[in-house]
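S.K.: Based on the sequences and whatever the hints tell you, model everything.
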Amino acid sequence: MVIKANGYAVWELLQREFDRRFKATGHQNMYFPLLIPQSFLHREAEHVEGFSPELAVVTLAGGKQLDEPYVIRPTSETIIGHFFAKWIKSWRDLPVLVNQWANIIRWELRTRMFLRTTEFLWQEGHTAHSNHDEAVEEVRRMLDTYAEVAEEVMAVPVVKGVKTQSEKFAGALESYCIEAMMQNGFALQAGTSHDLGQNFGKAFDVRFQNKEGQLDFVWQTSWGVSTRLIGGLIMSHSDDRGLVLPPKLAPTKAVMVPIYGRDGGKDRILEAAHRIAREVGAKVDDREGQTPGAKFFHWERRGVPVVLEFGPRDLASGSIVLKRRDTGGKQPMAQAELAEKLPALLGEMQKNIFDAAKQRLTSNTVLANSIGEVESILKDVTAEKGGGKFVMAHVKDDPRCDLRVKELKATIRCIPLVDEYDGPGKCIVTGEPVDRRALIAKAY
RNA sequence: CGGGGAGUGGCUCAGCCUGGUAGAGCACCUGGUUCGGGACCAGGGGGUCGGAGGUUCAAAUCCUCUCUCCCCGACCA
Numbered sequence: 001m002v003i004k005a006n007g008y009a010v011w012e013l014l015q016r017e018f019d020r021r022f023k024a025t026g027h028q029n030m031y032f033p034l035l036i037p038q039s040f041l042h043r044e045a046e047h048v049e050g051f052s053p054e055l056a057v058v059t060l061a062g063g064k065q066l067d068e069p070y071v072i073r074p075t076s077e078t079i080i081g082h083f084f085a086k087w088i089k090s091w092r093d094l095p096v097l098v099n100q101w102a103n104i105i106r107w108e109l110r111t112r113m114f115l116r117t118t119e120f121l122w123q124e125g126h127t128a129h130s131n132h133d134e135a136v137e138e139v140r141r142m143l144d145t146y147a148e149v150a151e152e153v154m155a156v157p158v159v160k161g162v163k164t165q166s167e168k169f170a171g172a173l174e175s176y177c178i179e180a181m182m183q184n185g186f187a188l189q190a191g192t193s194h195d196l197g198q199n200f201g202k203a204f205d206v207r208f209q210n211k212e213g214q215l216d217f218v219w220q221t222s223w224g225v226s227t228r229l230i231g232g233l234i235m236s237h238s239d240d241r242g243l244v245l246p247p248k249l250a251p252t253k254a255v256m257v258p259i260y261g262r263d264g265g266k267d268r269i270l271e272a273a274h275r276i277a278r279e280v281g282a283k284v285d286d287r288e289g290q291t292p293g294a295k296f297f298h299w300e301r302r303g304v305p306v307v308l309e310f311g312p313r314d315l316a317s318g319s320i321v322l323k324r325r326d327t328g329g330k331q332p333m334a335q336a337e338l339a340e341k342l343p344a345l346l347g348e349m350q351k352n353i354f355d356a357a358k359q360r361l362t363s364n365t366v367l368a369n370s371i372g373e374v375e376s377i378l379k380d381v382t383a384e385k386g387g388g389k390f391v392m393a394h395v396k397d398d399p400r401c402d403l404r405v406k407e408l409k410a411t412i413r414c415i416p417l418v419d420e421y422d423g424p425g426k427c428i429v430t431g432e433p434v435d436r437r438a439l440i441a442k443a444y
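Take 1 as the starting number for the first sequence in my numbering and just add one per residue.
These aren't lab readings, by the way, just hints derived from the structure by calculation. Where hints are given, some of them may not hold.
[To be verified] Capping the alpha-carbon separation at 25 Å, the derived lysine-lysine pairs in PhoX-like fashion look like this:
| id | residue 1 | residue 2 |
| --- | --- | --- |
| 1 | Lys-266 | Lys-330 |
| 2 | Lys-248 | Lys-341 |
| 3 | Lys-330 | Lys-248 |
| 4 | Lys-248 | Lys-358 |
| 5 | Lys-341 | Lys-351 |
| 6 | Lys-351 | Lys-160 |
| 7 | Lys-202 | Lys-86 |
M.R.: Here you go:
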């Protein structure tokens, strides 16, 4: 995977937002090995079953066949479990709250730019606790953190929920997730937070002595978001003219395009442009040999929130023309007001972009009361043609139901934590009672 | 792994059927004129046509093998 400069700058801004929140909640960054002894994966039965098909394995190193192959990490629960066992002896050692920023490999058969790549960058949080309640609290806290960054920073509204048992992380008790809706109505799992119970504690013998002096296995959690979020960001906001970045994730918030005119006032224009740009923190596009029109298109396509036009007429009148990326609207304003108005405008744009996405999510979420209804709603939906919906239906968390929904090329994305609909009902597959509607959608 | 499609200057592609001097647009370089939504003129640089083998006087073009990439399905953050 290659991420070029503009995309990587967005990733860095996202990283900063997450990292700050992780540290504020007591987590510390660490680093663990890229190569994991293959046998580690086999210690947890569901884990190895889930990940085996997509492992890249190193069998040769230093010119020799290895006695035991290494796998390139697809996720790090196992190797971290191995080290937790060495480090944790007492209840006083708990909780352990670590995070790792790393790259991982999952050998996908079918990749899609940013959304599903063989290699991706992510963060994986791994924590160990002395009891289940505290672990669950951690799982929920980090899910809330993900939802907060998605909504407030990325301007992407999400549904928080629990995965079905079929869809949960391999080796977890429960997997919580946030699901976002792309512009084609497809769902994108934007972040996951897992309650691992004592599964990995038992598999890696991570034991501690509790206050009563007895040995017990730790309760673990893990949670992650990846560079997939960049794909989600693009697919949530962009339009036919290119990328639309919410201001909080725009590496460049404003670009000024100077226009020189025919009267040889170029030097004065440039001088004033740089002065004004400095005051408001904008970048001046003073490249030679490009017309203003070409520059407007250039920055528009890259999603820069605000483009400022500054030409001879503005120089004469003390004004400047501002164009916002989200609505495409142009407005003239006094140069003196710009520094003051720009931050407020960026804030308004951030909100506007979120509101538009929220509106889309709401209007494309529908109820269905039979499997036939779900089928007819999702029948002709494809990633390319769009038309996808979040279909809310009563479905039991039962592998049979997951299989039935899969026949429609859709999945049960999650059972929402908050029931915004009509409470209990009968499962549309089995007829059994369930306490709320679940979210069914086609997904990336 | 099944089914489709494509490999020709940096990019997008034409040329292939019917073998005969490798092309276009964009991008790039030089000079000039321009500049309020993808500028124009003039000049210029750059390609062993994915690879190997074969047929032929002659292969981007025909034949055989092979590699890679993209799209569609089954598996998935």
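S.K.: For each hint, tell me whether it holds in the structure or not.
M.R.: Comparing the hints with the structure gives:
| no. | hint | in the structure |
| --- | --- | --- |
| 1 | Lys-266 x Lys-330 | holds (23 Å) |
| 2 | Lys-248 x Lys-341 | holds (16 Å) |
| 3 | Lys-330 x Lys-248 | holds (21 Å) |
| 4 | Lys-248 x Lys-358 | holds (17 Å) |
| 5 | Lys-341 x Lys-351 | holds (16 Å) |
| 6 | Lys-351 x Lys-160 | holds (20 Å) |
| 7 | Lys-202 x Lys-86 | holds (14 Å) |
When each numbered hint is compared with the structure, no violation occurs for any of them.
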